[in-house]
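A.B. asks: Under my numbering, the residues of the sequence shown are numbered 90 to 205, in order.
Capping the alpha-carbon separation at 20 Å, the derived lysine to any residue pairs in SDA-like fashion look like this:
id : residue 1 : residue 2
1  : K179      : L164
2  : K122      : L107
3  : K172      : N204
4  : K179      : L156
5  : K179      : E169
6  : K145      : E165
7  : K122      : Y202
8  : K179      : Y168
9  : K145      : E112
10 : K184      : H199
11 : K184      : E144
12 : K122      : H199
13 : K172      : Q203
14 : K184      : R133
15 : K166      : S147
16 : K152      : H193
17 : K145      : M110
18 : K145      : A163
19 : K122      : C197
20 : K179      : D200
21 : K122      : T134
22 : K145      : Q183
23 : K172      : C197
24 : K122      : E112
25 : K166      : V178
26 : K172      : Y201
27 : K179      : H193
28 : K184      : L157
29 : K145      : A162
30 : K184      : A151
31 : K145      : E158
32 : K172      : N159
33 : K172      : H199
34 : K172      : F148
The set of hints was computed from the structure by calculation and includes no laboratory data.
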Amino acid sequence: MAMAFTLRQQKMVSIFALECMAETGIGAVEVSKLRDGDLTANDRTAKCFMKCFFEKESFIDAKGGLLLENIAAALEKDYERAKIDEMLVKCGVQKDDPCETAFHAYECYHDYYQNQ
90 MAMAFTLRQQ
100 KMVSIFALEC
110 MAETGIGAVE
120 VSKLRDGDLT
130 ANDRTAKCFM
140 KCFFEKESFI
150 DAKGGLLLEN
160 IAAALEKDYE
170 RAKIDEMLVK
180 CGVQKDDPCE
190 TAFHAYECYH
200 DYYQNQ
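Model the full structure from these sequences, guided by the hints.
C.D. replies: As C-alpha cells, then:
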C-alpha cells in the first residue's frame, strides 16, 4: 500500500534520497528497488542508505535508536493507530548496528503492510 505524500513531502523524500546516495555511494537502481519494496539490495551500502534516510526523516537518532513516535506520526495519515502500534511492536527492534536497525525496520514495515 503506497503512502499518500504531499508534494512538499515528495520533494523532501527525493532530496533526502539524493543526499543519502551521495553519502553512502548507493546507486540509483538500488534506491529505486528499495523504494519499490524490492529488498534484494540488502548489502551494507543499502542498509546504511536506509539509516541515512531514517536520520533525515527523524525516524532514528544519531545513536541508532528508533524514534517510534516520529514513525507513528508519519504513518497516521494512512493507517489506523492500532495497526501502527502493532507494527511498531513487531518492527521497532533495536539491532547492534544502526544500519541494521534501520534496514530491519523498513523491511519489517514493508512485509507487515504487504500482508494486510
